[in-house]
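S.K.: Since the structure of chain A is provided, determine the placement of chain B on it from the hints.
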Amino acid sequence: MSEQKFERGTSLSIFVSDRREDIGSLIFALLIAIGIVLVVGK
Amino acid sequence: MVYTKKSPALFIIGLVMLLWGWLNASGNIDGLQQYFQKSAYSDHMKVKEKFDAEFRVATEMAAAESKPAPDMKMPHSKFDDAKAFQSKMCFIFGGVATLLGLLVMVWTPKEGNLDYYLSIFPGMAYMLMIAFLVRWGLDPMFANWGKAAQPTLGWNFASIFNLNYVVLGIVIGIVIVNVFKIPDWAANGVRTARFFLKTGVILLGALYSATELAQLGAISVLMIGVFVLGSIGVVLYMGRRMNTGNSMTAVLASGVGVCGVSAAVAAAPVVNAKAAEIAYTIGTILVWGVGCMFLFPTVGHLLGMGPVQFGAWAGTGILNSAQVAGAALAFDPHGIETLKVAEIFNITRVLFLPIVVLWLATWYVKHEVGAEKVDLGKVLFAKFPVFVLGFILMFALSTMGAFTPSGHYQGKYFSSEQIKEDKLLKGKETKAVEAELVRLKEAAGTKQLQDFFTEKAINIGQRHATPEDAHKGLAELIANKKMTTRDQERLLKAVGKMKGLDAVTANAIDKASKAAYHSSKTIGAFRDWLAWLFSIGLIGLGMQITMAALKQAGGTPLIIGGVVGTAKAVGSLIVVLLFIKEFI
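Residue numbers (the working numbering), protein chains in the order written: chain A, 1 to 42; chain B, 1001 to 1584.
Pulled out of the complex, with its shape left as it was, chain A reads as follows:
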């Protein structure tokens, strides 16, 4: 595996693309929201 796969230079992200990071954060946020609604209720 080459070093470039994860190196993002100055943009400082662990993801290989911004889109992947966006989708990851969107999924994480939705999981948190669903968790809150299920645990805390409305």
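Treat each hint with caution, since some may be false.
[Stated by the list, open to error] Partner residues are not named here, just some residues of chain B that face chain A (Cβ under 10 Å, in silico):
1) 1195
2) 1203
3) 1445
4) 1521
5) 1522
To be clear, the hints were calculated from the coordinates, so they are not data collected in a lab.
Please read all numbers here as calculations on a predicted model, not as lab measurements.
Positions of the beta carbon are idealized from the N, C-alpha and C atoms, including for glycine.
M.R.: This is chain B only, laid out in the frame that chain A set:
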């Protein structure tokens, strides 16, 4: 290349967290926690006093009946809950960190995805540990110092300078990177900061609801829109003319145009802003806001502005929420109208955030691509930040009532039906209100109400409140023993602050008013998650701000921020004086 560094750091961080969890659970640091959790501890003492009294009575009754002493347990106080929360967090994350720390020490991973993703945990735990320190230690400590110094200074320096977890997190990150450097084992984990910030921005959408716009008149929405979008346009124009760099210009535009720190953070990933650029924007906003906070009330008094006018001006012209509240309170320390109007104006700016982010994304892509003729639609589709859609989705869900009743205002909503039986007014209270109503219906009482409504500019919807409205509201309060409509509650809450009102009546109104508003636990949970995500993200962000990067950014952002801030303050003052009268 293998990314995971063989280091005991993660294991040690895990042990430190477990130790803190144990110290909390065992009560060994209660003395220290009493200092940090001052308000929760005062709640604890009240609960304890009540419990002690009940226990004494129960013990005496049992003794009189020759029965054994009752087995009673003290109910949980907010202080107990706060300590239990800290223990729980430390046990969960400390446990995970200890196990992973052991794994990192004894196992050498092969090159690949597993190695790479394992390498982020030490840095994440490092940021989390600092977040614990900031949120449980520094944040309450500065809040205590601010309150303690208030009588001497006349203002709360911690609140005015925004010395909360947001600013303290960035500052501590900057100190760490510039004094100690980021350790090798933490480098990859620190790069997750932006991911946490993006998740936080998405969840931010859940806190707001479009129904908040309904609280404002059309002129006010128009005024806020013009100033938000106008300031952004001017910053973008000036930034291009002064060669500030596209990402710096865009993030400054969002911070100066919308409302400070959270807007700057939200716009940053959209335009690939560097950490130092966000720091510059936040610095500009805070320095400018503090100056305005002292200047605005003086100008307001010199021009003889009314509470609604001043609230609208402060809410539009000052860039940061805490300083908007500070200026409103400095202008009218005893009134609620100025603060309320200023806060509504301030919050409404945030509702423009989705539009602003879309604009900045388009602007950035267009200018980064430069002279090359490309299909803007295609580039936008490829580059558009998906997490912004997440923010809009959350905002839409919140407006539709997916998380809490749709009419909520920052997580608080009015509901007469949900008022519990024990929160209804008691006989003594309704009798006091009845007697006060009789007095207020007499000529002197009616004049007192009229003068008060005129002085404080109290309105119902788009018209002045009248003494008859207050009479009707009080009569309904007596009949129902609770507030039944939002208008009635707002009017009577104002009446409750009138000088010369009977103390029992004022208390009864306050009690009925509080009973009618319910805090959404769901929105509270969102707020907690948001605070943690932002804490971790901002600490990581601070860790990317080196002195060299700050020098590279130069002083131009401060000049642009100052010029646009002044233009916005003067422009909004003129508009407020011309168009905003007593109604909002």
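S.K.: All hints, please: hold or fail.
M.R.: We went through each hint and held it up to the structure:
Given the 10 Å rule on beta carbons, the hint for residue 1195 (chain B) holds: about 6 Å separates it from the nearest Cβ of chain A. Taking 10 Å as the C-beta contact cut-off toward chain A, the hint placing residue 1203 (chain B) at the interface holds, the least distance being around 5 Å. Restraint check, residue 1445 (chain B) versus chain A: the minimum CB separation of about 43 Å is more than 10 Å; hint violated. For residue 1521 (chain B), the interface hint holds, since its Cβ comes within 10 Å of a Cβ in chain A; the closest pair sits about 5 Å apart.
The beta carbon of residue 1522 (chain B) comes within 5 Å of a beta carbon in chain A, closer than 10 Å, and the hint placing it at the interface holds.
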